[in-house]
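Novice: Each chain is listed here by its residues.
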Amino acid sequence: MTTLNERIKPIVMPKWGLSMSEGKVTGWLKQPGATVNLGDDLLEVETDKITNVVEAGETGVLRRVLGEPGTVYPVKALIAVLAEPDVPDSDIDAFIAGYAVPAADGEEDGADAGPRYEFAETAVGNIRYAKRGDGATTVLLVHGFGGDLDNWLFTIDALAEGATVYALDLPGHGQSAKTLPDPTLTGLSKAVQDFMDAVGIGAAHLVGHSMGGAVSMRTALDAPERVASLSLICSAGLGPEINQDYIAGFIDATSRRDLKPVLETLFADAGLVSRQMTDELLKYKRLDGVDGALRAIASSMFEKGAQRAILGAAVGAANVPTLVVWGAEDRVIPAAHATALGSAARVEVVPNAGHMVQMEAAGKVNALIKDHVTKNL
Amino acid sequence: MSRKISMKTAINEALDLEMRRDPTVILMGEDIVGGTGAPGEDDAWGGVLGVTKGLFAKHGDRLLDTPLSESAYIGAAIGAAACGMRPVAELMFMDFMGVCFDQIFNQAAKFRYMFGGKAETPVVIRGMVGAGFRAAAQHSQMLTPLFTHIPGLKVVCPSNAYDAKGLLIQSIRDNDPVIFCEHKNLYGHETEVPAESYAIPFGEANVLRDGDHVTIVSYGLTVHRAMEAADALARDKVEAEVIDLRTLSPIDWDTIIDSVERTGRLVVVDEAHPRCNLATDISAFVAQNAFGALKAGIQMVTPPHTPVPFSPSLEDLYIPSAEAVAAAVRRTLAPSPRSTLAA
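Protein chains in written order, with my numbering: chain A, 1466 to 1842; chain B, 693 to 1035.
For reference, chain B alone in the conformation it holds in the complex:
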């Protein structure tokens, strides 16, 4: 049975279904059960935005409220994973990654490689990413490129409730460490989601819209900006193909290259800081592998190279907009090759 639910509910449902299916799945994190230390369910508000709400009543002490020490509990989750559990650790804001990153990139990501394939680390680290929440520079970053840089980590960033549920279930069943990035401004976004369990395989991008004139690649919140831009362009008879990457490691190069070979034009939209991000990575890959197909310079739509501003008007300008995406597409369509330099 399928019904419309929000991405937040879909994530909650994925956690619930996997905890029911597999007794080794446990949840860890700050305030994922409650907050003030009062006993029992009364206090079980389920995380800072309520994503894990209701799970304590169903699964009790398989939800572990941890001290405010990311270094300690992320390390504990990774250790538990190496010993046969399937922990899902919530980092609240991915921006807090700094204090526990050694556990992830130097330990979890390397166990399989350094122990000759004999160690598996089936841990999921989930947390909020992205700007637009008026939460200032330390709670608003899209840090996905930090994770895609590290071999041994899988990196997921869904754009909608259906994908969030299927990708989180796949993340929990996966035997490698997965960084699961939840855009906080998509928590309320609703799509049709089956009530049953299902897993979406990693490394398969979703083509949301077919088009022959230009390929727009994105992930997370900016997928929606890309779709708005595509709708606006369609009114001017410009048909854009929109690719939602869904997983950033592994990444679906085939779908990107196939599309660009057909359209000859590429616009990559990335909410991460502009240096060495997914946009530069994809642009370089396409330039190297499909150069002959390109009819225009590749365009990247990203925020400026600044911290995320706290001023609401500046924050709104910071996030790539549908207008910016449409303008980038128009630059690829401009007749003179020099016009692509105007960006």
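So here's chain A without its partners, still in its complex pose:
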């Protein structure tokens, strides 16, 4: 039995989203011997869904790199070791020799043992959702137009440290009911409130991406007692401009060839749009009812290429603690909208990231949301 040295910190293959079981190391951004600070980019990992950067969650010297580029490792496998410079090599060798990959999901970890997704029966039909963590604070993640709860792949587990985090599929989206009795912002906000009723959420910190940001703002205005704070990520509802080519292109695309270039507008790095991501969206778009739902939402909210609902002033006046995060290279909704709330919100514009900033700069966005939620408990 080796002595567990608390100054040795393992770096393991991360788990992004509920379906990830393994990932491929594509390259290291820090070399052995380098000093690593909290939040530094350490390496790149590729899954069948997306390639992303793993950031350091601890500080130390990168003493060992075990993950070979081009090799696939199971989730939680040891891929590197961080330690202070004065920790002897022999201790690190012993730590590596004694490291055992924890059992896979569902075998020992109670939180992971349940189904990957759950369904709630609501007034607007069946709503699919994921729930992670069991903290006292409740966070609810609301995706954007054409998205689903997997848009929070890199968010949901990170926020679940110390909170109960829900992510839902809005009606007409993901695997929720495809019928949309009311395709307006008010209708979608009502659906979010119905969902909160169905799963027993009184009030929550709402995190909304794109159209989900506008839905969250509408909810904060219509039911202020149910919204503890707002985190608006590349949000709709803060100005009239929106990329109509993106909206129309997304609705009209029926093949991978048509859809892929449309999806590339979502990211600063177009290379992040994988075959799997495109295929999954095509499969969603082919479901009966989806085309009608998307067209109904688009015509009620983004008619003639302009956003109809602009809620910044009302939210600013309503005194809801608000965080606004934007990807500087957003090509769907301009980053200039980030300042719409003026001094009423904390504003962060993240460089080198596009509309899917919560995926492209997950570590930074997660830290901002966590900080915002913690300050507004």
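There may be inaccurate statements among the hints.
No more than 20 Å apart at the CA atoms, straight line, and that leaves these computed lysine to aspartate or glutamate pairs for DMTMM-like [to be verified]:
#  : chain 1 : residue 1 : chain 2 : residue 2
1  : B       : 696       : A       : 1583
2  : A       : 1750      : B       : 884
3  : A       : 1769      : A       : 1756
4  : A       : 1748      : B       : 888
5  : B       : 929       : A       : 1533
6  : A       : 1750      : A       : 1710
7  : A       : 1835      : A       : 1520
8  : A       : 1725      : B       : 950
9  : A       : 1474      : A       : 1533
10 : A       : 1596      : A       : 1626
11 : A       : 1489      : B       : 923
12 : A       : 1769      : A       : 1717
13 : A       : 1725      : B       : 896
14 : A       : 1725      : B       : 946
15 : A       : 1748      : B       : 902
Simulated from the structure, these hints should not be mistaken for lab results.
Since the structure is predicted, the reported quantities are computational estimates derived from the model, not experimental observations.
Model the placement of chain B on the given structure of chain A, informed by the hints.
Specialist: Chain B alone, transformed into the frame defined by chain A:
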């Protein structure tokens, strides 16, 4: 909600969902309800391999067990389609096409054209195709080229459960006659399939694997052989792009040409008899339209020009194998242009 189901279950689900959605959808065929004439559900075994099992209990007399006369009931299905129904007629084995083909290629396929666009014939004729089932020469053929030859017919041949469900739903909703070819050796093959209804548009091939060195085009069962070959080739750093046509009429020429223009090499794998089949058709089209992109002779992997053998060992040799596909790819990569003649 999505779960893993077999291609047989996916076809059953597509029929059930469309019958629920549209009251004009009816099913016809030999033994699709039952077989021995006993009353009610006890006898409802649902077709020779159970593809329509359980549908009689849900939809009752919208399933019509027909006499053993393909000529009569295929004609009746086409007539019903011309009069506003959406029949799905099961031919059991596509090999039985011979006795009813006039109804299909001379009547159904020509109504829209000969009546000045005023007639529509929304009929689906589905049935089993392909070898490997130890069912001998009259129950094992891949007759797809007979159908792609005829203007006015749409021809579908899925390789997996997800595509089978979405393509069959599209076939039923389509307003033209569709020949829906089900490879009997894929009935048990399972993939993730949503429980909801969805339609896959015709004329859109599925690129199953990206690669820059060679394009492999196939459909039906041999798509899986092509994928096995691609995996084996990848171990030798040869990256093959694998295209599953899904629909043979209409065919997605753009995806084929785009791919060959990038890879410069083409291997077509077709389980149909080798003369005038999909492989020769695609090879000719690419030679005519992307000749300048080709770096090597086009390779075709097909069975020999013989009936499907009943001897199991010979039948196994008859069906294009992953090894044969990989060997064809290697011929396109060989340095000397003369080596392509060795095939």
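Novice: Take the hints in turn and mark each one as holding or not.
Specialist: Quick rundown of the hints versus the structure:
| no. | hint | in the structure |
| --- | --- | --- |
| 1 | B:696 with A:1583 | holds, 18 Å |
| 2 | A:1750 with B:884 | holds, 16 Å |
| 3 | A:1769 with A:1756 | holds, 18 Å |
| 4 | A:1748 with B:888 | holds, 11 Å |
| 5 | B:929 with A:1533 | holds, 19 Å |
| 6 | A:1750 with A:1710 | holds, 17 Å |
| 7 | A:1835 with A:1520 | holds, 16 Å |
| 8 | A:1725 with B:950 | holds, 15 Å |
| 9 | A:1474 with A:1533 | holds, 19 Å |
| 10 | A:1596 with A:1626 | holds, 12 Å |
| 11 | A:1489 with B:923 | holds, 18 Å |
| 12 | A:1769 with A:1717 | holds, 16 Å |
| 13 | A:1725 with B:896 | holds, 15 Å |
| 14 | A:1725 with B:946 | holds, 16 Å |
| 15 | A:1748 with B:902 | holds, 19 Å |
Consistency with the previously given hints is maintained throughout, with no hint failing.
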